[in-house]
Amino acid sequence: MEMPSSNNSIINDKDRLIGLFNRILSTDSVISDPYETKAYECDGLTAYKCSPLAVLLPRTTEEVSEILKICHEEKVPVIPRGAGTSLSGGALPTSDSVILGTSRLNNILDLDVENRMVRVQTGVTNLSVTEAVESEGFFYAPDPSSQLVCTIAGNIAMNSGGAHCLKYGVTTNNLLGVKIVLMDGSVMELGGEYLDSGGLDLLGVVCGSEGQLGIVTEAVLKIIPKPEGARPILLGFDSNVIAGNCVSDIIGEGILPVAIEFMDRLCIRACEDFVGAGYPDVEALLIVEVEGSAKEIDEQLDRIKVIASRHNPVAMKESKSDQESKLIWLGRKSAFGAMGRINDYMCLDGTIPVSRLPDVLEGISSLSENYGLAVANVFHAGDGNLHPLILFNANQEGELEKCESLGADILNLCVELGGCLSGEHGVGVEKRDLMTNQFSRQDLEIQMRVKDVFDPDWLLNPAKVFPLEISMERRLN
Amino acid sequence: MRPANESELSDLIAGRISPVISCGGGTRPIGLTSIGERLYLGNLNRITQYEPGALTLVAEAGTTLKTIFEILNEKGQMLPFEPIDYRGLLGCRGEPTIGGMVATNSSGPRRVKVGACRDYVIGLRFVDGEGNIIKSGGRVMKNVTGYDLTKLLTGSFGTLGIITEVALKVLPAPTHAAVLLIEGLPEKLALEVLNRSLNSPFEVSGAAHLCSGLDGYPVTMIRLEGFQSSVMYRAEELSKYLEDTVTITVETDPERTRGGWEYIRDVGPFQNRKGDVWKIITKPNEALSLVKGLRESIEIEVFYDWAGSLIWALVHKGTNLRDYLQSLNGHATLIRASDGNKSNLQVFHQQSIMELELKKRLKHKFDPRNILNQGMIL
Numbered sequence: 001m002e003m004p005s006s007n008n009s010i011i012n013d014k015d016r017l018i019g020l021f022n023r024i025l026s027t028d029s030v031i032s033d034p035y036e037t038k039a040y041e042c043d044g045l046t047a048y049k050c051s052p053l054a055v056l057l058p059r060t061t062e063e064v065s066e067i068l069k070i071c072h073e074e075k076v077p078v079i080p081r082g083a084g085t086s087l088s089g090g091a092l093p094t095s096d097s098v099i100l101g102t103s104r105l106n107n108i109l110d111l112d113v114e115n116r117m118v119r120v121q122t123g124v125t126n127l128s129v130t131e132a133v134e135s136e137g138f139f140y141a142p143d144p145s146s147q148l149v150c151t152i153a154g155n156i157a158m159n160s161g162g163a164h165c166l167k168y169g170v171t172t173n174n175l176l177g178v179k180i181v182l183m184d185g186s187v188m189e190l191g192g193e194y195l196d197s198g199g200l201d202l203l204g205v206v207c208g209s210e211g212q213l214g215i216v217t218e219a220v221l222k223i224i225p226k227p228e229g230a231r232p233i234l235l236g237f238d239s240n241v242i243a244g245n246c247v248s249d250i251i252g253e254g255i256l257p258v259a260i261e262f263m264d265r266l267c268i269r270a271c272e273d274f275v276g277a278g279y280p281d282v283e284a285l286l287i288v289e290v291e292g293s294a295k296e297i298d299e300q301l302d303r304i305k306v307i308a309s310r311h312n313p314v315a316m317k318e319s320k321s322d323q324e325s326k327l328i329w330l331g332r333k334s335a336f337g338a339m340g341r342i343n344d345y346m347c348l349d350g351t352i353p354v355s356r357l358p359d360v361l362e363g364i365s366s367l368s369e370n371y372g373l374a375v376a377n378v379f380h381a382g383d384g385n386l387h388p389l390i391l392f393n394a395n396q397e398g399e400l401e402k403c404e405s406l407g408a409d410i411l412n413l414c415v416e417l418g419g420c421l422s423g424e425h426g427v428g429v430e431k432r433d434l435m436t437n438q439f440s441r442q443d444l445e446i447q448m449r450v451k452d453v454f455d456p457d458w459l460l461n462p463a464k465v466f467p468l469e470i471s472m473e474r475r476l477n
Numbered sequence: 001m002r003p004a005n006e007s008e009l010s011d012l013i014a015g016r017i018s019p020v021i022s023c024g025g026g027t028r029p030i031g032l033t034s035i036g037e038r039l040y041l042g043n044l045n046r047i048t049q050y051e052p053g054a055l056t057l058v059a060e061a062g063t064t065l066k067t068i069f070e071i072l073n074e075k076g077q078m079l080p081f082e083p084i085d086y087r088g089l090l091g092c093r094g095e096p097t098i099g100g101m102v103a104t105n106s107s108g109p110r111r112v113k114v115g116a117c118r119d120y121v122i123g124l125r126f127v128d129g130e131g132n133i134i135k136s137g138g139r140v141m142k143n144v145t146g147y148d149l150t151k152l153l154t155g156s157f158g159t160l161g162i163i164t165e166v167a168l169k170v171l172p173a174p175t176h177a178a179v180l181l182i183e184g185l186p187e188k189l190a191l192e193v194l195n196r197s198l199n200s201p202f203e204v205s206g207a208a209h210l211c212s213g214l215d216g217y218p219v220t221m222i223r224l225e226g227f228q229s230s231v232m233y234r235a236e237e238l239s240k241y242l243e244d245t246v247t248i249t250v251e252t253d254p255e256r257t258r259g260g261w262e263y264i265r266d267v268g269p270f271q272n273r274k275g276d277v278w279k280i281i282t283k284p285n286e287a288l289s290l291v292k293g294l295r296e297s298i299e300i301e302v303f304y305d306w307a308g309s310l311i312w313a314l315v316h317k318g319t320n321l322r323d324y325l326q327s328l329n330g331h332a333t334l335i336r337a338s339d340g341n342k343s344n345l346q347v348f349h350q351q352s353i354m355e356l357e358l359k360k361r362l363k364h365k366f367d368p369r370n371i372l373n374q375g376m377i378l
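Residue numbers (the working numbering), protein chains in the order written: chain A, 1 to 477; chain B, 1 to 378.
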């Protein structure tokens, strides 16, 4: 993976630029000591690292606007960053860039339970939104595994999903409005405390634009009444392919669980060792969760058991208590961490039509054999969002490259089967160079024209999403 | 002009210098009347792919909704957002198409629970103003690969590109529905009841109030859908939850419940009535004071959907409703009026100058020669 060469005139001008930032921000909001900026050299994609020129941590929309005015004037690239949990390198800096972090924009501004919405500054964590409305019987639906630390700003930039978006949708489906600062420092509201803004859906294109169109400082989020109850069932199968078939059947028969999660043996064992979630020792495991009253839950689980029985399950275990349910989900949400304890891995995020699950699982398994690298599977099966984890040894020379090559092959397989490169982690730098496999030059050209409108000088997160050679002319102008 | 397929359409646009107006079934004439030659998409009418087990449907833009509903019905599935059928209100014939539905982001009563049309469009293909064929999104539920141009094109009224194919997420259709009916409530109490219901865990999928129902009395309607036993359970629980305030009857007859919500969806109360029709969208708990304010100033009839977030209003022809909505937290769209009144009053709500400027620049990037549905929304 390449990054553009840095602009030395910016690096040589560091002291003067820091002086400009110090004039508008309090001293604790400007980090420029190389020992301290090192903490920001990468995000969740740790394979690539580079310290930024400086890190700026504004507390208000006005400060964000002032920072962007300076960077616009001085032509300094800006890398937006939430909590730095991106798995695609969305917050990876270059040495001539400043990181603009949202972590101190962390106030909940308005809890409007009556109208089913909240307004927050975007540095608040995903989970804190739910925590703020929980006592009123509500929750915020998107639930990425990193929800304890990841910020709403990052969620909006990457249009984050989570296990429960099968029923409730991803960030874009739960976002009513934003306050956004454009690269020239101008501030605007898109959408607001109501549904469906008329005319062109700018809010829709801002969400998921990986911090390339503007810095979102405030968001109006939809909150949803908590269901009366929810309960998962564990379904174990002898093979990945059978489990994949069972998923298609459940969905095809008119049942819409709130989540259907998949794990293979490698992951099941890692999670068991890590948190003792009570998973059966099987080749492939589905966690299927349904919601409603106790009776509604029983009925739905009965239907699911009937369908599962047609696929010769080797284990069927309903959760019997809230405690058990919590443990089951803790296991699933700790899956990446659990795998990290036993090996280096690279996490992919391809998506395929649910009906192709058996095909893709077979394909991954044969690619894995060809490369001689093990692949563990843990993913959101209900919406076809895969997370193959390729295990490799980072200390062995050439192994990372081999792993990246296998990753590219798996993602291309997803595209071939009618899917896409990324379901929820974003393109960032990780999948940037694969974009031409999914999109034509014209498809990418028109996407880049959208960036031209919001950020004509290409200063916001410029080396992400689009392959470097395609975006070169725009970035260098 | 009636291109036979996407590639013919692409050639046609590439070689064109004068404006065109893209047209599906011609059943949603909402934006300002545009100038140019009409471009009919009726030949693009294939269902490209329907996979019930993956909850996805891909169809060419000119496919009629009638055809779409037929094939979905066979498999017990639906378009969850209940697209409005405007024919009755706007007095047009023709068959609504899937492309027109997406181009106008049309959603009905269930929007309040499941989201809008734009939330179910997972991908599309379009021809931009220079004749390039572009694809965005795909046919999978979750997709963050590149910018979400699908959202931008949905609701763009054909001004950024001519949509040629759409991929939609569909859902299982509920096997049963029950409607809680409450008669005679004053508006204030009705809106409170609707919002209390939506804020309950019982998964309300419709929340409307007619100030004057078919029998002339006010009626409040709350819909529950799903498997039979679940619907009956929730109807009972929600009734208990609300009964300290109101008396409820539960309607479960499939024909009557369907008909009732179609009446709301298609703006039944204002069909065959004289006057201009406005669609006002606001914060639910601001709906009542907004309507009161309007009543003090002008002669107006309203009914509520989405628990008050959506207000349909009938006023005398030529009334500029926005004059009385200065502090509106939301937006007002002039849905039905003469061409002259639409042009005088503007169909869509005034946006900030900055937002308008951004939209104009986007339009220019997608359609540099300004030949697609010129002036329809921008």
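Do not take every clue at face value.
Unchecked claim - The calculated DSSO-like cross-link candidates involving lysine-lysine, where the alpha carbons are at most 30 Å apart (straight line), are:
no.	chain 1	residue 1	chain 2	residue 2
1	A	K222	B	K292
2	B	K274	A	K222
3	A	K305	B	K75
4	A	K326	A	K167
5	B	K240	A	K226
Source of the hints: derived by calculation from the structure; they are not laboratory data.
Hint check against the structure, violated hint numbers in rising order: 2
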